[in-house]
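Listed in order, the protein sequences are those of chains R and X.
Residue numbers are given in this note's numbering: position 34 of the first sequence equals residue 34, and the series is strictly consecutive.
Basically this note's numbering = 1-based index in the second sequence + 380.
Calculated directly from the structure, the hints in this document are not laboratory data.
None of the values given here were measured: they were computed from a predicted structure.
C-beta atoms are modelled at their ideal positions from N, C-alpha and C, and glycine is treated no differently.
Keep in mind that a hint or two might mislead.
According to the in silico footprint, chain X covers these stretches of chain R (three or more CB under 8 Å from chain X) [as the list claims (entries may be wrong)]:
#1 82–88
#2 137–149
#3 217–228
#4 303–313
Derived lysine-lysine pairs resembling DSS-like cross-links, with alpha carbons at most 30 Å apart [as the list claims (entries may be wrong)]:
#5 X:Lys846 to R:Lys22
#6 R:Lys337 to X:Lys716
#7 R:Lys275 to X:Lys716
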Amino acid sequence: MTLAFTLSDRCPPSFMIDENGKCQLVSLYQRYSAPEGFGGLRKPLPEARDGFSPQEIDLGRYLFFDPLLGGDKKTSCAHCHHPDYGYADGRGTAMGFGGSGVGAKRRDGAELERGAPTLWNVAFLRRLFWDWRATSLEEQAQGPLFAAAEMGNTPAQLEADINANGTYRRLFTQAYGLAHDEKIGTALIIQALVAFEASLVSLNSRYDHYAHGDHNALSEQEQIGHNIFRSFVTRCSQCHTPPLFTNVELAVIGAPEPPGKNFDLGADPIFPDMKLRGAFKVPTLRNISRTAPYMHSGSLERLQDVVEFYNDKRGHAAPEEQNLIIHWHITNPNLRKEEETALIAFLNSLEDETAAPVVPNAVPSGLGVVSVEADAGLKN
Amino acid sequence: MRKRIFALVVALSALISSTCVFSATQSKVITVREGASIQAAVKLANPGDTIEVYPGLYKETVYIDKNDITIRGVVVAGEWPVMDGEDTLNDGILVAGHGVTVDRFFIRRFKGNGIMTQGANNYKIINNIVEGDSVYGIFPQFSNNGLVADNVIWNVHDAAIYLGMCENADVVRNDTFGSVMGIEIENSKNILVENNTAHDNSSGIQVTLLQGLPVKTASNTIVRRNFISNNNVPNFAPRGSAAAGTPAGTGIVIFAADDTVVEGNIITGNDSAAIVMVDHDSSPNVRDPEMDPTPDNAKIYDNVYWNNGTKPLGAAKDVLEQAGLKEGFEVMLVTKSKGSCIANPSSVRVFGADQFTACPDGATSAGITTMQLSEPIAENLEQTEYNGRFAYKAICAGCHIYEGRMVGPPMRVIQALYMDRPEAMAQWIANPTHKRDDYPEMPPQNYLSEEDRLAIANYILNDLGKSRQLRQSRE
């Protein structure tokens with residue numbers, strides 16, 4: 001295996017290099033000239049984080065997969081945002097510091113309260129985390145890096161490790177033109193991570209082909225499911241609004257906690273607003289087929305369970321004593337069985353991982369890269 | 381960041397002469413008669429076509445995701461085409477294509493909405509009759525530049541006509557009654573609501589800025605020359621729904637929306653008040669930190685008020701009681717408001733009068749006769765050869781690279797295969813046949829227009845990899 005690490009000089013798929021050598025997002029949705037906004041089939045996208053160089057995106061890719069960033073030298077970002085699980089973690093609640101393996105088989109690590117959301121299309125989010133406590137990807141990244149239960153690192157240790165690594169010094173110099181004695185700081189490390197995360201773009205699913213005008217790109221059943229999804233009977237599309245399949249808002253829907261887990265106050269302590277008790281960010285549904293189990297703490301195993309949750313009486317799973325103000329778009333849709341099935345078929349059509357980055361075989365630290373076959377999940 | 385890219389597109393398009401070819405196919409009329417399916421006709425239709433539906437009973441949801449389709453009911457001797465959801469189907473007509481006209485249908489008993497547009501610009505919804513039991517009767521959403529005219533709607537559990545997050549529309553000459561609200565304009569901008577009737581609802585006409593939605597402002601709605609009477613039906617919206625909090629007995633409600641003009645309306649017999657202005661604290665929903673919660677710059681010009689506020693109900697009654705008052709008012713401002721004015725203040729009974737100034741004499745919105753745009757909103761930005769590179773990066777680059785194997789074969793190989801034959805490539809990618817045993821099948825790219833596919837093929841054959849070759853030859 002060759003260990004000559006180099007940085008790509010080309011933008012990842014879905015990006016086009018501009019005159020300044022920066023990667024700008026390109027998507028067919030941007031060609032629609034309608035005023036910017038949400039909703040419907042052929043609307044432009046909201047602003048995204050882009051404009052990073054190919055080199056820093058590629059450097060971010062190495063950092064993302066490198067356990068050197070973990071205080072335990074075992075946990076990389078990819079252990080909880082894993083390519084095999086749609087850049088989520090395949091678990092109900094995440095497991096961090098000191099753990100081994102990925103997905104359901106991950107073991108022996110610190111337990112977290114919530115599940116890891118997918119990172120597909122994070123470039124479009126202006127608030128992050130289930131409770132919206134971060135306002136930028138930069139602010140967000142401080143969370144996992146330095147939280148004891150997650151990667152458990154410290155800025156000092158992180159900087160020491162990266163600066164002591166000759167390969168990283170060479171790659172950072174290539175990406176950012178460091179001066180000879182210039183130290184690589186935490187902010188720069190995070191910038192490269194952000195550049196990489198923002199390159200995870202998924203906008204070419206069969207649904208999108210349908211939206212752009214191939215009326216046969218969805219099967220008859222999926223089209224029925226699409227109509228149910230955008231109907232005012234279910235109102236799924238009112239919150240999971242295309243083309244991002246999120247309106248980038250908070251909402252109280254009263255999803256259950258897994259058995260034995262305490263009620264999660266959601267965004268209430270962050271803002272603080274009693275009316276936001278139990279509010280969570282509306283997650284994207286892109287690649288939703290890849291990211292089971294579902295909801296902030298993984299209480300719903302399958303898409304079938306999610307659809308049954310929405311089809312049951314509004315607020316049925318919310319603990320009564322919390323007095324949640326369930327969002328007005330949560331209704332009692334009374335879907336028939338075959339309508340539930342069609343809705344799930346539609347959700348599955350949102351899968352597109354064609355722009356998935358290449359998982360590096362090796363990373364500059366020489367530490368083992370997280371296994372990419374889920375079944376071999378115990379290896380690292 | 382995309383702004384910058386498009387500045388470049390425009391600059392280039394000035395240099396490259398347009399190669400746009402207009403299709404010569406004639407638009408056609410497709411006829412549907414009782415027993416046939418309207419949706420089947422939509423599937424056959426192409427942009428520019430008209431679907432004519434003859435009288436009869438149609439039990440289906442019709443969805444139109446294509447552009448420039450007209451779907452028109454043909455009324456014969458008073459018999460209408462009736463779409464009946466029998467309280468089991470979800471929606472009557474769903475439109476997500478631009479430039480769609482829905483004309484002259486009788487739509488009843490759908491669980492969701494009678495007629496809804498989503499992200500559909502340049503729409504027209506005209507001459508329809510919608511009888512509940514739906515959530516909304518006619519509901520354009522995220523749709524710009526439209527007309528909702530001459531419709532009759534009743535027995536709807538929320539608003540008979542609802543514009544959500546729309547811009548530039550005229551809502552004119554509609555008759556709305558027996559619903560929780562007659563007309564609601566939510567988080568929208570530049571809307572003219574004129575010559576409608578809203579009677580015997582719980583509330584007549586509302587202009588609102590609702591919290592928690594992705595559009596954060598509501599401004600510049602004109603409510604003019606409407607007949608708004610006897611909106612005193614007890615609120616019958618389902619518990620927990622957005623409309624459940626609507627105060628009954630109100631003619632016009634301005635909820636946190638800005639720059640609303642109310643002019644020339646005849647407002648009679650609304651028990652709580654003719655006009656109510658409220659803010660976000662009056663609603664059970666969360667405050668939205670990105671929204672201004674108060675209704676500012678309202679202009680209440682001359683209206684005819686008669687017999688309003690005689691029996692204040694619900695929230696209006698509570699407010700009055702707290703103030704130690706029994707009698708109702710014509711205009712109630714139950715919040716702070718900046719920059720609002722009222723014409724002839726001495727002629728109107730106003731609660732919160734100290735917050736209004738007198739509108740300048742003779743001030744009027746008469747100069748504005750429509751909010752529709754003079755030109756339809758174009759669907760696509762200018763097509764140029766530059767779009768070949770753009771679309772290649774946006775789509776093909778996910779599966780192909782110049783050298784090396786990804787999901788698909790290397791483009792260097794494909795270049796050799798199709799040398800000087802861009803048309804052949806453009807054709808193949810629309811309907812790929814499986815060629816290579818060691819590769820999966822390529823998904824069809826026929827959602828791309830012919831021009832787009834040709835532009836991509838030209839880019840692949842003429843430009844892709846060139847800078848790389850140049851660099852290598854220099855090395």
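Each hint tested on the structure:
Here the region 82–88 of chain R counts 0 residues with a CB under 8 Å from a CB of chain X, which misses the bar of 3, and the coverage is violated. Given as covered by chain X, the region 137–149 of chain R fails the check, having 0 residues with a CB less than 8 Å from a CB of that chain where 3 are the minimum. Interface restraint, the region 217–228 of chain R with chain X: holds (4 residues with C-beta to C-beta distance below 8 Å; minimum three). Closer than 8 Å: that is the beta-carbon criterion, and the region 303–313 of chain R has 0 residues meeting it against chain X, so the requirement of 3 is violated.
Distance hint between Lys846 of chain X and Lys22 of chain R is fulfilled; the C-alpha atoms sit about 19 Å from each other, no more than 30 Å. Straight-line distance between C-alpha atoms of Lys337 of chain R and Lys716 of chain X comes to about 50 Å, which puts the hinted pair past the 30 Å bound. A distance of roughly 22 Å separates the Cα atoms of Lys275 of chain R and Lys716 of chain X; the hinted pair therefore holds under the 30 Å criterion.
When held up to the earlier numbered hints, the structure conflicts with 1, 2, 4, 6 and fits the remainder.
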